[in-house]
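Now for the letters of each chain:
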Amino acid sequence: MDATRSAIELDRVGKRFAGGTLALAGVSLSVTSGSFVAILGPSGCGKSTLLRMIAGLDTPSEGSIRLAGGQRGGDRGVSFVFQEPTLMPWGTVFENVWLPLRLAGRSRAAARDEVEALIGAVGLAGFADALPRELSGGMKMRVSIARALAPHPGLLLMDEPFAALDEITRNRLNDDLLHWWRERGLTALFVTHSVFEAVYLSERIAVMGPRPGRLVAEVAIDEPYPRTEAFRSSPRYTLLCSAVSKALRDAQQGEAD
Amino acid sequence: MNPRRFPSVRVIVPTLVFVAALLGWEAMVRIAQVPHYILPAPSLVLATLWQNLDSLAQSWWFTLKITFGALLLSAVLGVALAALFAMSRWVELSLFPFAIVLQVTPIVAIAPLILIYVDSTTAALLICAWIVAFFPVLSNTVIGLRSADPNLRDLFTLYRATRWQRLRLLLVPSALPYFIAGLKIAGGLSLIGAVVAEFTAGAAGRETGLASRILEASFRTEVPKMFAALLLVSLTGVAIFLLFNLLARSLLGRWHESEEDPGRRS
Numbered sequence: 000m001d002a003t004r005s006a007i008e009l010d011r012v013g014k015r016f017a018g019g020t021l022a023l024a025g026v027s028l029s030v031t032s033g034s035f036v037a038i039l040g041p042s043g044c045g046k047s048t049l050l051r052m053i054a055g056l057d058t059p060s061e062g063s064i065r066l067a068g069g070q071r072g073g074d075r076g077v078s079f080v081f082q083e084p085t086l087m088p089w090g091t092v093f094e095n096v097w098l099p100l101r102l103a104g105r106s107r108a109a110a111r112d113e114v115e116a117l118i119g120a121v122g123l124a125g126f127a128d129a130l131p132r133e134l135s136g137g138m139k140m141r142v143s144i145a146r147a148l149a150p151h152p153g154l155l156l157m158d159e160p161f162a163a164l165d166e167i168t169r170n171r172l173n174d175d176l177l178h179w180w181r182e183r184g185l186t187a188l189f190v191t192h193s194v195f196e197a198v199y200l201s202e203r204i205a206v207m208g209p210r211p212g213r214l215v216a217e218v219a220i221d222e223p224y225p226r227t228e229a230f231r232s233s234p235r236y237t238l239l240c241s242a243v244s245k246a247l248r249d250a251q252q253g254e255a256d
Numbered sequence: 000m001n002p003r004r005f006p007s008v009r010v011i012v013p014t015l016v017f018v019a020a021l022l023g024w025e026a027m028v029r030i031a032q033v034p035h036y037i038l039p040a041p042s043l044v045l046a047t048l049w050q051n052l053d054s055l056a057q058s059w060w061f062t063l064k065i066t067f068g069a070l071l072l073s074a075v076l077g078v079a080l081a082a083l084f085a086m087s088r089w090v091e092l093s094l095f096p097f098a099i100v101l102q103v104t105p106i107v108a109i110a111p112l113i114l115i116y117v118d119s120t121t122a123a124l125l126i127c128a129w130i131v132a133f134f135p136v137l138s139n140t141v142i143g144l145r146s147a148d149p150n151l152r153d154l155f156t157l158y159r160a161t162r163w164q165r166l167r168l169l170l171v172p173s174a175l176p177y178f179i180a181g182l183k184i185a186g187g188l189s190l191i192g193a194v195v196a197e198f199t200a201g202a203a204g205r206e207t208g209l210a211s212r213i214l215e216a217s218f219r220t221e222v223p224k225m226f227a228a229l230l231l232v233s234l235t236g237v238a239i240f241l242l243f244n245l246l247a248r249s250l251l252g253r254w255h256e257s258e259e260d261p262g263r264r265s
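Taken in order, these protein sequences are the chains called A and B.
Residues 0 to 256 in numbering that gives the first Met the number 0 are what the first sequence spells out, letter by letter.
Residues 0 to 265 in numbering that gives the first Met the number 0 are what the second sequence spells out, letter by letter.
Quick caveat, the hints were computed from the structure, so don't treat them as lab data.
Here the structure is a predicted model, which is why all the values come from computation and not from measurement.
Don't be surprised by glycine CBs; every beta carbon is placed ideally from N, CA and C.
Hints may contain errors.
Stated by the list, open to error - Within a straight-line C-alpha distance of at most 25 Å, the following computed SDA-like cross-link-like pairs (lysine to any residue) qualify: (1) B:Lys183 to A:Gly25; (2) B:Lys183 to A:Pro88; (3) B:Lys64 to B:Val28; (4) B:Lys64 to B:Ile109; (5) B:Lys183 to A:Gly90.
Stated by the list, open to error - Quick partial rundown of chain B residues pointing at chain A, CB under 7 Å, derived from the structure: (6) Ala147; (7) Pro149; (8) Asn150; (9) Leu151; (10) Leu157; (11) Tyr158; (12) Gln164; (13) Trp254; (14) Glu258.
Could you put the whole structure together from the sequences, leaning on the hints where they help?
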């Protein structure tokens with residue numbers, strides 16, 4: 000497989016809502032297969048809309064979106080992690096993680112070993128029979144990620160998944176997420192409004208500005224993986240964060256002019 | 000004492016108050032020597048119930064049949080209509096007004112017409128009770144089927160769920176708490192419908208329910224018998240209420256907020 004082949008190819012993608020509001024304009028972005036890219040921008044800049052269109056849950060009104068393999072759902076397909084855990088409250092942890100496989104026709108017995116291994120991998124061994132309401136926010140998000148990993152996706156789309164979590168939980172989940180991403184050879188596209196999170200996680204940050212949502216800058220974070228707590232407390236990290244913050248500020252000011 | 004920390008208090012206190020009220024009633028009737036054709040003492044009501052148990056039990060059975068028949072019809076037709084409404088806005092748009100008209104028109108006003116159009120009194124009573132009871136099931140289930148989490152809907156789309164999978168694994172569980180709430184209301188209403196319809200019909204049929212017995216007893220000013228029949232109606236209503244609370248708890252207790260035990264909240 001060509002290592003530099005792109006997993007997502009966005010070509011001048013635009014979105015105009017039914018009411019006439021232009022949410023996105025001329026977004027071109029190419030995401031290399033196996034890379035970790037963050038989309039960073041203020042609230043209301045169309046980040047989520049962009050992610051939904053890549054997932055096929057919404058259609059662009061201009062431009063084109065091409066995915067490697069071109070398929071959604073199924074093996075090496077697309078998985079999505081929402082801002083909320085979005086679990087079925089009536090289902091156990093097992094049943095929630097099993098869902099994508101179940102929808103693909105895998106019986107409980109046939110999926111058991113795989114689902115239980117996943118539940119263990121996200122650190123929830125022993126919670127297979129728990130209900131979502133018995134779990135903490137961080138644990139729910141772990142279930143949500145396990146569910147997204149269940150169908151062996153090639154591309155993992157995440158829409159501010161850790162925004163509602165406290166900082167300690169969020170940092171731990173960031174570390175774990177990087178681990179799962181490397182281990183599974185995923186392509187990850189991570190939407191966030193946190194500069195610190197974007198810098199820590201990604202190889203490349205696409206900075207977006209608002210009204211209409213558009214790409215205003217791209218910042219490469221050439222820090223090798225695995226990244227650890229040492230990176231988070233290094234002067235280099237601080238430097239990168241302030242550079243990205245500046246790009247984000249410039250994007251906002253561009254709008255004010 | 001905090002009722003939350005001592006759950007048995009929630010049973011004991013109302014029971015004590017109820018028993019005290021009965022004793023007070025008994026005492027008042029005896030002391031003031033109220034004639035039994037005006038207000039019978041609770042002991043006399045119970046004695047009357049015991050004496051007429053055979054014939055009252057038959058009427059009770061008839062009322063039960065109408066009540067649960069109407070409830071079953073409400074559940075089946077209410078859910079079927081709701082599913083139809085949820086599938087097509089057009090169907091909802093065209094049929095929902097009729098459901099509302101049926102709901103808001105007092106049953107005592109429609110019942111005489113239904114008794115004219117339908118030959119069998121039993122069938123007519125069943126229809127009347129159904130009209131009273133089905134609306135909560137219908138409207139609640141329609142809301143329930145629409146209340147599924149939009150993100151979960153998207154997830155089902157992303158993983159290419161079939162129509163059937165979406166219905167079974169997402170829409171039905173999402174609608175269940177709403178359906179159960181509708182059924183709880185419908186349970187009480189079908190009993191009311193069964194009794195009111197029979198009052199309107201009078202003792203026309205061969206089989207008679209508790210309402211006819213109350214009417215018949217009132218014509219003969221057998222007030223203790225009226226109370227005895229009334230007692231059976233009330234007990235039936237209470238039993239239906241408890242039955243559906245039990246059903247709700249067993250179906251939703253583990254996951255839905257409505258059945259959450261406040262003491263267990265962490």
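Hints and how they fare:
| no. | hint | in the structure |
| --- | --- | --- |
| 1 | B:Lys183 to A:Gly25 | 54 Å, violated |
| 2 | B:Lys183 to A:Pro88 | 22 Å, holds |
| 3 | B:Lys64 to B:Val28 | 35 Å, violated |
| 4 | B:Lys64 to B:Ile109 | 21 Å, holds |
| 5 | B:Lys183 to A:Gly90 | 24 Å, holds |
| 6 | Ala147 | 10 Å, violated |
| 7 | Pro149 | 9 Å, violated |
| 8 | Asn150 | 4 Å, holds |
| 9 | Leu151 | 6 Å, holds |
| 10 | Leu157 | 6 Å, holds |
| 11 | Tyr158 | 4 Å, holds |
| 12 | Gln164 | 6 Å, holds |
| 13 | Trp254 | 5 Å, holds |
| 14 | Glu258 | 12 Å, violated |
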